[in-house]
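Visitor: Each chain, written out:
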Amino acid sequence: MCYNTHMNIIETSRRKFLQGSVSLCIYATSALSSPWQTTKTSNKKTTDTPYLCNMCRNKCAGYARVENGLITKLNPNHNFPKSRNMLCPKGNAGIQAIYDEDRLKYPLIRIGNRGDGQYKRATWDEAYEYIKEKLVKIIDEQKDNRSTIAYCNGEGFNKDEYIKFFGSKLGSANFLDEGSICLNTKLGATQLTIGDVGEMDVAGSDYMIISGANRYESLITPDSVDMIHSKQKLVVLDPRCTVTAIKADEYLPLYPGTDLAFCLSMMYIAFKEELYDKKYVNEQFDDFEKLKAHILSQKYTPEWAESKTHIPSQKIEKITREFFAASNPLYYLGRRSVWSQNDFQLRRAMVLINALAGSVNRKGGIIFGQPIKLNDEEINEPLYNNAEGRFDLDGIVYGSQKGGSWLNFREKVVSKTAPYPVKAMFIRKHNLMQNMPNIAKTKKMLEMMDLVVVLDTMPSDTAMMADVILPECTYLEREDMVVSFNRLEPSLALRNQVIESLYESRSMQDILKGLGKKLSVPLFHVSAKYDEDLQDSIKEDGLHKAFVEGGYDMAELYGYNTTQRNKRLITKQFGKEVYNSLKEKGVWYPYMDEQKELFNDFYEYYPPEKRFYTIDKKYRVNAYLKKLEKAGFDAMPTWHKYYDFNLHEDEFRVITGRYVTTTQSATANNVMLKDFEKENYLWINNNNAKRLGIKTGDSVVVMSSVSSIVIKANPTNKIAPNVLWIPHGFGIDSQEMTNAYAKGASDNMIIEDKFEKIYGCATMHETNVTLRKL
Amino acid sequence: MANYGMAFDYKLCINCHACEVACKEENGIDLGAKNHRLWIQEETKVSGDFWNLDRDKVEFMQMQCQECQDAPCMAACPNGAIYRDNNGIVRLHKDLCDLTRACMSACPYNARYVDEKNHVTDKCIFCADTRLARGETTTACQITCPAKLRYFGNLDDPESEISKVLSSRKHFTLKPEKKTKPKLFYLE
Numbered sequence: 006m007c008y009n010t011h012m013n014i015i016e017t018s019r020r021k022f023l024q025g026s027v028s029l030c031i032y033a034t035s036a037l038s039s040p041w042q043t044t045k046t047s048n049k050k051t052t053d054t055p056y057l058c059n060m061c062r063n064k065c066a067g068y069a070r071v072e073n074g075l076i077t078k079l080n081p082n083h084n085f086p087k088s089r090n091m092l093c094p095k096g097n098a099g100i101q102a103i104y105d106e107d108r109l110k111y112p113l114i115r116i117g118n119r120g121d122g123q124y125k126r127a128t129w130d131e132a133y134e135y136i137k138e139k140l141v142k143i144i145d146e147q148k149d150n151r152s153t154i155a156y157c158n159g160e161g162f163n164k165d166e167y168i169k170f171f172g173s174k175l176g177s178a179n180f181l182d183e184g185s186i187c188l189n190t191k192l193g194a195t196q197l198t199i200g201d202v203g204e205m206d207v208a209g210s211d212y213m214i215i216s217g218a219n220r221y222e223s224l225i226t227p228d229s230v231d232m233i234h235s236k237q238k239l240v241v242l243d244p245r246c247t248v249t250a251i252k253a254d255e256y257l258p259l260y261p262g263t264d265l266a267f268c269l270s271m272m273y274i275a276f277k278e279e280l281y282d283k284k285y286v287n288e289q290f291d292d293f294e295k296l297k298a299h300i301l302s303q304k305y306t307p308e309w310a311e312s313k314t315h316i317p318s319q320k321i322e323k324i325t326r327e328f329f330a331a332s333n334p335l336y337y338l339g340r341r342s343v344w345s346q347n348d349f350q351l352r353r354a355m356v357l358i359n360a361l362a363g364s365v366n367r368k369g370g371i372i373f374g375q376p377i378k379l380n381d382e383e384i385n386e387p388l389y390n391n392a393e394g395r396f397d398l399d400g401i402v403y404g405s406q407k408g409g410s411w412l413n414f415r416e417k418v419v420s421k422t423a424p425y426p427v428k429a430m431f432i433r434k435h436n437l438m439q440n441m442p443n444i445a446k447t448k449k450m451l452e453m454m455d456l457v458v459v460l461d462t463m464p465s466d467t468a469m470m471a472d473v474i475l476p477e478c479t480y481l482e483r484e485d486m487v488v489s490f491n492r493l494e495p496s497l498a499l500r501n502q503v504i505e506s507l508y509e510s511r512s513m514q515d516i517l518k519g520l521g522k523k524l525s526v527p528l529f530h531v532s533a534k535y536d537e538d539l540q541d542s543i544k545e546d547g548l549h550k551a552f553v554e555g556g557y558d559m560a561e562l563y564g565y566n567t568t569q570r571n572k573r574l575i576t577k578q579f580g581k582e583v584y585n586s587l588k589e590k591g592v593w594y595p596y597m598d599e600q601k602e603l604f605n606d607f608y609e610y611y612p613p614e615k616r617f618y619t620i621d622k623k624y625r626v627n628a629y630l631k632k633l634e635k636a637g638f639d640a641m642p643t644w645h646k647y648y649d650f651n652l653h654e655d656e657f658r659v660i661t662g663r664y665v666t667t668t669q670s671a672t673a674n675n676v677m678l679k680d681f682e683k684e685n686y687l688w689i690n691n692n693n694a695k696r697l698g699i700k701t702g703d704s705v706v707v708m709s710s711v712s713s714i715v716i717k718a719n720p721t722n723k724i725a726p727n728v729l730w731i732p733h734g735f736g737i738d739s740q741e742m743t744n745a746y747a748k749g750a751s752d753n754m755i756i757e758d759k760f761e762k763i764y765g766c767a768t769m770h771e772t773n774v775t776l777r778k779l
Numbered sequence: 066m067a068n069y070g071m072a073f074d075y076k077l078c079i080n081c082h083a084c085e086v087a088c089k090e091e092n093g094i095d096l097g098a099k100n101h102r103l104w105i106q107e108e109t110k111v112s113g114d115f116w117n118l119d120r121d122k123v124e125f126m127q128m129q130c131q132e133c134q135d136a137p138c139m140a141a142c143p144n145g146a147i148y149r150d151n152n153g154i155v156r157l158h159k160d161l162c163d164l165t166r167a168c169m170s171a172c173p174y175n176a177r178y179v180d181e182k183n184h185v186t187d188k189c190i191f192c193a194d195t196r197l198a199r200g201e202t203t204t205a206c207q208i209t210c211p212a213k214l215r216y217f218g219n220l221d222d223p224e225s226e227i228s229k230v231l232s233s234r235k236h237f238t239l240k241p242e243k244k245t246k247p248k249l250f251y252l253e
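Those sequence lines, one after another, are chains A and B.
Our numbering puts the first residue of the first sequence at 6, with every later residue one more than the last.
Our numbering puts the first residue of the second sequence at 66, with every later residue one more than the last.
One chain only, chain A, in its complex shape (with noise of 0.2 angstroms):
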């Protein structure tokens, strides 16, 4: 890693493209000859500090050890029940992203064009002040319509904070997260059709099958080291012949987008040869018959389905049989993008099978268990008469009222159909200028903008996108509010601060606490003369009286910083000893005393007849929702002729994923994790490949109706015939990130924008391309 924590600082450009002008990150000389190495351990033993990593949306546990003041490792945490004494390898790359030498280091404010990387270092102030000037000028404009900022929020840790500042304090409906271009169908599915989001009990489970989760690549904890363990059968289909479809009892390859027809013709299966728990289905489901008779009538039977995913008839019976006599079957809801059109369905189906087996609220299935209930930080929430609401759910039937529809969202806006304009952005740890599909449309909606404000740690594709750049510093130099986990075996885990920030960078905590100061009171001033009942309460009880009283002071929660913050609430909740836990292990749960080690540093956390598997909770299997029907979808899984894959010869489908180094586009400068993958490669179907005359490393050009990328061939037989698959992450266009630019090809550049109308989620895999030999 590199240790330049004194520096020289130089203005000047260091790149070519930027001479005459001042460079985005005024960067630090340093006397290693080469800055990026690793620094051995020493043999000095340290006390190290608990931490929450945050590498990807996991939060693992683990001890950072300090030298000299500097992080030389990050070890596994043997106390938190989720992350099960391990760490991934980005997990222990985490070194590296905290040490690059390109990371953001002072607020910037954009002095070029958008996207061109020209900035001059700022004071903290004087971006504030930045800040405050266009707000106060577009929210005036607005006539106090504060729903013309748009805020954004990829991480999970803190967003809850982010939106009392955004959206409870300065008035904003319109809150956008990673949910819309993720799973959000997945927990919807869950949600309405047993009432819970619930948690998937993996290491209970004997029988289990993943449709497309790579849980070996894409590693989530617990799920992935429980399937290592467990002694399940494993069944995966995919496209594509993952890590864990090599590990699995079996391997179904199958066509991409036809899933839905496996899981109607295990139903189909269940219900023929009355393979269900009818137990279960007596107690709990309502509109059984209904979903029995409609299954049945469509006639999604083996054969059928066979035609669709091209798996063997007779293995969807055995695989089906043999699911329904296991003790403890689960079929796995996935945790990843949403697919295409039938998602909803399609994880709906996944929920009924589960149901059908009587796998829900019980050890191996979906259980509903018993999450810690933290409490909330109450504040005054000022009431905005003129702030309208959001927009992005318009022709959504359900959608997320938190994270909302981003496709939809950003059509609106760029289309200029949206009932008002948004004129400013605040983007936190979200990089939409790779994250969703179609770059050139997100450019597009950035484009309009006023003011686009980035917090981020690096200057990402998007922070070259902005007005202002706020440094935030990285997870390991800052405290974070004590989070609960899981259902199962719930715990609370805290992000204890490893070492100072760096640079001037900030938490983000700090980073609102100045804004908070530097808005409130222009703010206020700007509502006054818009809204008519904030001018009553002022011409009552006075300015202050007003202001105050009204909560209007945006950095309320800021009076105290988060050590004190967490101190208090965890103290007057669980008492001083839970606190203490806490601080010195980072993990408390109620058996930590008991837990015991199985074998070789693998631990049994709460013993098992402690866990939630099975809790008293009255809810129903809603086999049938109305709702949907009524807005002219389908009120139950079924599939339509155009989920069929259809392709001509000459066409191919994009899928996308990732590689077991890489965390979207947010590793994507790692050093050390471009050990592994320094660029991404196309995988193509052996024979397709033959067939076009492209050999391994030979470059090709991929064309959508959205756009066009060159990328490295890599034929294999691990892929689908005309099938591609894309690893995301890559194609970074930001000159800034000198170890990713340029790197490999951005899948988002050639996939369509389209999005489902349930959940309004985007659809990553239904675009159709062709591809030629450069």
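Please keep in mind that the hints were generated in silico from the structure rather than gathered at the bench.
Be careful, since some hints might not be right.
What the hints assert, rightly or not - Here are the simulated DSS-like pairs of lysine-lysine, each with C-alpha atoms no more than 27 angstroms apart in a straight line:
no.: 1; chain 1: B; residue 1: Lys-76; chain 2: A; residue 2: Lys-238
no.: 2; chain 1: A; residue 1: Lys-759; chain 2: A; residue 2: Lys-446
no.: 3; chain 1: B; residue 1: Lys-182; chain 2: A; residue 2: Lys-50
no.: 4; chain 1: B; residue 1: Lys-182; chain 2: A; residue 2: Lys-49
no.: 5; chain 1: A; residue 1: Lys-748; chain 2: B; residue 2: Lys-99
no.: 6; chain 1: A; residue 1: Lys-407; chain 2: A; residue 2: Lys-759
no.: 7; chain 1: A; residue 1: Lys-236; chain 2: B; residue 2: Lys-110
no.: 8; chain 1: A; residue 1: Lys-590; chain 2: A; residue 2: Lys-378
no.: 9; chain 1: A; residue 1: Lys-695; chain 2: B; residue 2: Lys-122
no.: 10; chain 1: A; residue 1: Lys-446; chain 2: A; residue 2: Lys-164
no.: 11; chain 1: A; residue 1: Lys-778; chain 2: B; residue 2: Lys-110
no.: 12; chain 1: A; residue 1: Lys-304; chain 2: A; residue 2: Lys-320
no.: 13; chain 1: B; residue 1: Lys-235; chain 2: A; residue 2: Lys-236
No experiment lies behind these values; they were computed from the predicted model shown.
Please arrange chain B on chain A, whose structure you already have, making use of the hints.
Guide: Chain B alone, transformed into the frame defined by chain A:
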């Protein structure tokens, strides 16, 4: 004083690279794919046509210095730079190494590489001068592994977990025909 060895429950490996990164960070190994004390070797590729793939022969094998009891590297070094330490680990007197690379040629396991920073040949030493020197009982690769497939411990202690695993499960060593008597074992 111990006689350290390692046993791999190798079939559990998912080739996630956690061990490789942990090793590099702990022991200050240079970046670059060529520089590694340990690596995972994919034995046999998936064969056949996509709809009828044969996956059965695919194994991910944990590769590193096999800690031979009759170590060819030790015999090959013209400078006598290679020795066995108190814990039975094959080590290097760095000041005696002048990069003849004889040890690299002699090693049947391709376990050594050139450490260009220190101008010596390097290989896995079970974190002897980092973790073990601090009194820790695990190696960086062992503790970080999601599969916990690496058993590390004292082969001379019948009560150690590795001794128990080796006495209760079938195992093999790599290239037994070389008669190097490795102290790394692969569990069936």
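Visitor: Could you run down the list of hints and mark each one as holding or not?
Guide: Hints and how they fare:
| no. | hint | in the structure |
| --- | --- | --- |
| 1 | Lys-76(B) / Lys-238(A) | 15 angstroms, holds |
| 2 | Lys-759(A) / Lys-446(A) | 12 angstroms, holds |
| 3 | Lys-182(B) / Lys-50(A) | 25 angstroms, holds |
| 4 | Lys-182(B) / Lys-49(A) | 22 angstroms, holds |
| 5 | Lys-748(A) / Lys-99(B) | 20 angstroms, holds |
| 6 | Lys-407(A) / Lys-759(A) | 21 angstroms, holds |
| 7 | Lys-236(A) / Lys-110(B) | 25 angstroms, holds |
| 8 | Lys-590(A) / Lys-378(A) | 20 angstroms, holds |
| 9 | Lys-695(A) / Lys-122(B) | 25 angstroms, holds |
| 10 | Lys-446(A) / Lys-164(A) | 25 angstroms, holds |
| 11 | Lys-778(A) / Lys-110(B) | 26 angstroms, holds |
| 12 | Lys-304(A) / Lys-320(A) | 18 angstroms, holds |
| 13 | Lys-235(B) / Lys-236(A) | 19 angstroms, holds |
Going through the hint list in order, the structure satisfies each hint without exception.
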